[in-house]
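Sequence lines, in order, name chains A and B. Each number in my numbering comes from the position in the first sequence (counting from 1) with 7 added on. Each number in my numbering comes from the position in the second sequence (counting from 1) with 108 added on.
Hints are supplied without guarantee of correctness; some may be wrong.
What the hints assert, rightly or not - Computed cross-link-like contacts, DSBU-like style, restricted to lysine-lysine with a CA-CA straight-line distance of at most 30 Å:
hint, chain 1, residue 1, chain 2, residue 2
1, A, Lys-269, A, Lys-359
2, B, Lys-263, A, Lys-56
3, A, Lys-221, A, Lys-269
4, A, Lys-208, A, Lys-221
5, B, Lys-259, A, Lys-56
These are calculated hints, taken from the structure and not from any lab test.
So you can see what is in the structure, the chains are spelled out below.
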Amino acid sequence: MKAVATLERETRLLQGNQAIAEGAIYAGARFYAGYPITPSSEIADECAKRMPELGGMYIQMEDEMASIAAVVGASLAGAKALTATSGPGFSLMQENLGLAVMGEVPCVVVDVQRSGPSTGLATKPAQSDIMQVRWGRHGDQSVIALCPATVRECFTLTVQAFNFAERFRVPVVLMPDEIVGHMRENVALPLPGEIEVVDRKAPAGPPASYLPFKPDEDGIAPLAAYGSEYVFHVTSSMHGTDGYSNNDPANAAWRVRQLHEKIERHRDEIVLTQSYYTEDMDVLIVTLGATTRAARTAALEARAQGIKAGVLQLQTVWPFADREIAALGKRARMVVVPEMNYSGQVAGEVLKALGPGADIRRVNKFNGTIITPQDILDAMLRPAGAQTQGNQP
Amino acid sequence: MRRARSHSEIILAGSGGQGLILSGIMLAEAAMLEGKNVVQTQSYGIASRGGLSLAEVIVDEEEIIFQQVRAPDCVLALSEEAAKKYESWAARGVPMLYDSTLVAPRQGGNFIGRDFTRKASDLGNAGSVNILALAAVAAYTGVVNIASLEKLIRKRFRGAALDLNLELLAAGSELAAA
Chain A
8 MKAVATLERE
18 TRLLQGNQAI
28 AEGAIYAGAR
38 FYAGYPITPS
48 SEIADECAKR
58 MPELGGMYIQ
68 MEDEMASIAA
78 VVGASLAGAK
88 ALTATSGPGF
98 SLMQENLGLA
108 VMGEVPCVVV
118 DVQRSGPSTG
128 LATKPAQSDI
138 MQVRWGRHGD
148 QSVIALCPAT
158 VRECFTLTVQ
168 AFNFAERFRV
178 PVVLMPDEIV
188 GHMRENVALP
198 LPGEIEVVDR
208 KAPAGPPASY
218 LPFKPDEDGI
228 APLAAYGSEY
238 VFHVTSSMHG
248 TDGYSNNDPA
258 NAAWRVRQLH
268 EKIERHRDEI
278 VLTQSYYTED
288 MDVLIVTLGA
298 TTRAARTAAL
308 EARAQGIKAG
318 VLQLQTVWPF
328 ADREIAALGK
338 RARMVVVPEM
348 NYSGQVAGEV
358 LKALGPGADI
368 RRVNKFNGTI
378 ITPQDILDAM
388 LRPAGAQTQG
398 NQP
Chain B
109 MRRARSHSEI
119 ILAGSGGQGL
129 ILSGIMLAEA
139 AMLEGKNVVQ
149 TQSYGIASRG
159 GLSLAEVIVD
169 EEEIIFQQVR
179 APDCVLALSE
189 EAAKKYESWA
199 ARGVPMLYDS
209 TLVAPRQGGN
219 FIGRDFTRKA
229 SDLGNAGSVN
239 ILALAAVAAY
249 TGVVNIASLE
259 KLIRKRFRGA
269 ALDLNLELLA
279 AGSELAAA
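Based on the sequences and whatever the hints tell you, model everything.
Okay, structure coming up:
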């Protein structure tokens, strides 16, 4: 009887950041190295408590460069590992995040987005790291990035982030905004076994013939753990299937393509979106993160005024949901893109997906305050071509 | 926008260090004890003491979509800065409970001044004003039952801390009724 009782679903008041830590643990993460920074610190706080309880490890590092280095090392030693930070720390992590791309090291980096540039408004929200997540590192590469809108999604998308990282041997960025990271909601977390947990593919053949960078048919190579009988080398420089330096142009071209293609081939499985009220819509709102909640309310209020609005939430930010946006955008006379940044980082990608001529309405806020349902409604009601920025306090 | 009767929105505003985010969490947990859905958000500055700090709590029997307060049922103001930020709401019919120990007197039917900090201080701990004021908000609005807050306090505290918090709860409820 007691076993049944412990499996009962417990509803808790949980903060987004706490749910991220819980999601990481559910996915099997047992290593955290980080340098606390607002608004991500509660993830470190929770991992500092929970990891040692579970036989895992928490290390407070001297800075963010060391944090991502430790995470890459832990992952190569076989652990599922994560770190969490915000804009300034995420900037410092770019170099070794590039190493994780090149060395095909599964790991999760959480960037709880706050207002910038630089240290900016440390406690205020933003959605302005969208292009940094995609292109922050030098060199040509692909990346997977997910963005939650609710506390529950903080949990489920963290599990998903680890699953993608393990399956495709890539770093995955989880990029909540400050609102979602700090928000508390009542949530009943999934029970063990309810969400699939994916582990990296281990090598099966004899150690002497192990090639750590030779992909199988699915485009992904098995990954052994440092310290096991499989001895292998990882370098940030161009390397062959054996992991050792190889400067042959044919090898370099093959490697760069392979790093892209292992994500592109599985693109449909990676691109996660959520649609609300889109069946009969003729106004589409494309959103991510907390802005999704304002957009859903705006859509419902627009419908009360006779405007058939629908919402497409980008749970996966990268790779970009261009096909999904194009499919819905074709049916819409107008596409509204609210985002907490000045430059319209998502809107630019929406324009690429829909082509010139589409009526794309940008809603940009960049003063540390949130986008409201009214801001989005105003954009729907204004004449085509007029852009507004609702940045009054 | 017409609101369902099951839907409540509360703003708890004051100065960093007064403990209002904890009040917001406790309000949310008390509502959960009553089987409601809750969203609690917060806004604060970079200083650990001082500056405007506030918690928003939304309680609903239905799903809560937009996470921020749009039309509060009540605003609590425990600092002059907080009262200034929200006093225009009172003109639009939103009741504002304010701490008359710390906030200059306001005239008008929707302003309800009470000596929250002095009362908390009389009970032995001015730093516990957050619990006392939360009790007043709950008693004034009925957003949660005082019994739910009491249940929560009994779960969270032991010994002398429990006794003090139960006294603060009773005192806050009385101030709201006064």
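Checked hints:
{"no.": "1", "hint": "A:Lys-269 with A:Lys-359", "result": "23 Å, holds"}
{"no.": "2", "hint": "B:Lys-263 with A:Lys-56", "result": "21 Å, holds"}
{"no.": "3", "hint": "A:Lys-221 with A:Lys-269", "result": "12 Å, holds"}
{"no.": "4", "hint": "A:Lys-208 with A:Lys-221", "result": "13 Å, holds"}
{"no.": "5", "hint": "B:Lys-259 with A:Lys-56", "result": "27 Å, holds"}
Consistency with the previously given hints is maintained throughout, with no hint failing.
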